[in-house]
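A.B. asks: First to last, the protein sequences are chains W and F.
311 is the number that numbering that gives the first Met the number 0 gives to position 312 of the first sequence; each next residue is one higher, with no gaps.
191 is the number that numbering that gives the first Met the number 0 gives to position 192 of the second sequence; each next residue is one higher, with no gaps.
Hints should not be assumed to be uniformly reliable.
[Unchecked claim] In silico DSSO-like pairs for lysine-lysine, Cα to Cα no more than 27 Å straight-line:
| no. | chain 1 | residue 1 | chain 2 | residue 2 |
| --- | --- | --- | --- | --- |
| 1 | F | K139 | W | K256 |
| 2 | W | K256 | W | K269 |
| 3 | F | K139 | W | K204 |
| 4 | F | K2 | F | K183 |
| 5 | W | K56 | W | K269 |
| 6 | F | K184 | F | K2 |
[Unchecked claim] Reference listing, derived: stretches of chain W covered by chain F, where coverage requires no fewer than 3 residues with Cβ under 8 Å from a Cβ of chain F:
| no. | segment |
| --- | --- |
| 7 | 8 to 19 |
| 8 | 38 to 44 |
| 9 | 244 to 250 |
Source of the hints: derived by calculation from the structure; they are not laboratory data.
Note that beta-carbon positions come from the ideal geometry of N, C-alpha and C, so glycine has one too.
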Amino acid sequence: MRRLFDNKLLVLALATLLLIAFIVLSAIPGSPLSGATKPISIIVDPIQSVFQKIGTKISDFYSAIAEGMEIRKENEELRAEIAELEYEVQQGEEARIRWEELKSAFSIQDSFENYHIHGASVLTREADEWFSVIRVNVGTDSGIDSSTGSYAVVDARMNLVGRVMTTDKDSSKILPLLHEGFTVSAKVNEVNGATVLVSGDITLKSEGLCVVTRIPSNIILKPGQELVTSGEGGLFPAGIPIGVIESFDDSDPNDLKATLRPYAVISDIKDVFIMVPNEDTDPTQESAKDPTSSEMVEDPSGTSLETAAPETTPSSETSADTAPETPGEAA
Amino acid sequence: MNKKERARQIILYAVYITSVCCLQVTFPHVFGFFGRTCDLMLVFVVLSGYLFGTIDGIVVGLLVGMLRDYFSGPVITGMNNAPVAVLGIGLLAFLYVGILSSILFRTRFRRKYTLGLVQVAMVSAMYYSLGHILSWLYLKMSRNIASYHSIRYILLSSIFPQILVNVIAAIPILLLLRFVGPYKKGIKSGLVDGYSVEDRRWQKI
């Protein structure tokens, strides 16, 4: 036996086979190996948080020195702006009361009101082209549990960022929408807008673009047209803004394609929001009907924040065409 | 190796591995040049294997690979056709990086620190070339996606700039391992003893 292990090549081959088996097992849905990172997360997450805090403090300190003069000038402008805004807030409060009255009278539903929204900070970003998952600082302890389903992730302006892949005790992995494994059913944000499929593409990722496929043959997408989630597939609620059409390729009538520039700039995002449906919610029935509403948001420290509602007005869902979301989930 | 040396080795490796991994994925923009981010993890594994031998290369490679999988593991299409974050690819890749780094330049060259930069460039080129080949094969086989980056893009926008930034990042890491490394004076005594023949002496400074 000892002689056997003296053969270094054999040991290496065995280790390789073992690791390949480990990779294959971890790819099986519900595999016990998906929990293998939990012990690592207990040790590594606090260390990583310390690094993040130190880095942020250094960055803030450096910014305070470097931008001192600029900040002073900006402060003066902001004081004047505050005075104007205070007046607008008073007017806004009046409008809010009237809106509440109208909402009650016409039974208008708030956008995404059946979702609980968890705020999270980005902990880690991609390591290279292939190790490209984002990690955020909320996990099972905050009520995010990927074993019960995946969740949509949006930025502070409610634009789509990606989806939750896996969760640990204090952190979760997010698949960004630029990743080639990401797909979402989308629709043109117009009345009777066509339903299409938005996916990440390896060749467009470096330019910050996604590819739009399954475009109905009678549809011409124009640059600047907005796409929002269609709600089909059940993972993403309808009406989340994704981005705008950048270009449209109709050279092959049987395979119409377009490129989309997402609103969310993944590399700049520091905070994200995870949309967890309330237990009695059917995501397919959810639709953003009210562009002026706001959501109560829980920030990472556990306190409630108020966040702006999307600036779009998603239309009603009457499209004839359908496209499944991320493969496997439509089923 | 006495207890004090062993403690120094373990503590410094633990500090460097966690620091290098956390820094790369937490502040990628700080370590970015020419549109690419320095692959500190890869550079650290290469230099550990190159300077301190196969065992160190394997252990450091496995630990760094594990953290790479944990922080930003790759995503593949799983068995139910949904994307799955897999574990183990970083472990496997960095195990080989550690072994390869400790083997290259082993017999034909004296182990000098400047050659460590060449080692980093060579292993970076191999890692990124193989990564692109496997990625293309995976997309072609699993999802029948034929479109991939052009050769020009792979060479000029991915591999060459990445080699350049990795070599730049290797300079401070090399100095760190040499002067404040896990071994006193940057020399692993076992390696020198094992290859004491003048023509094959390692780590001659």
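A.B. asks: For each hint given before, does the structure comply? Return the numbers of the non-compliant ones in rising order.
C.D. replies: Those not satisfied are hints 2 and 9.
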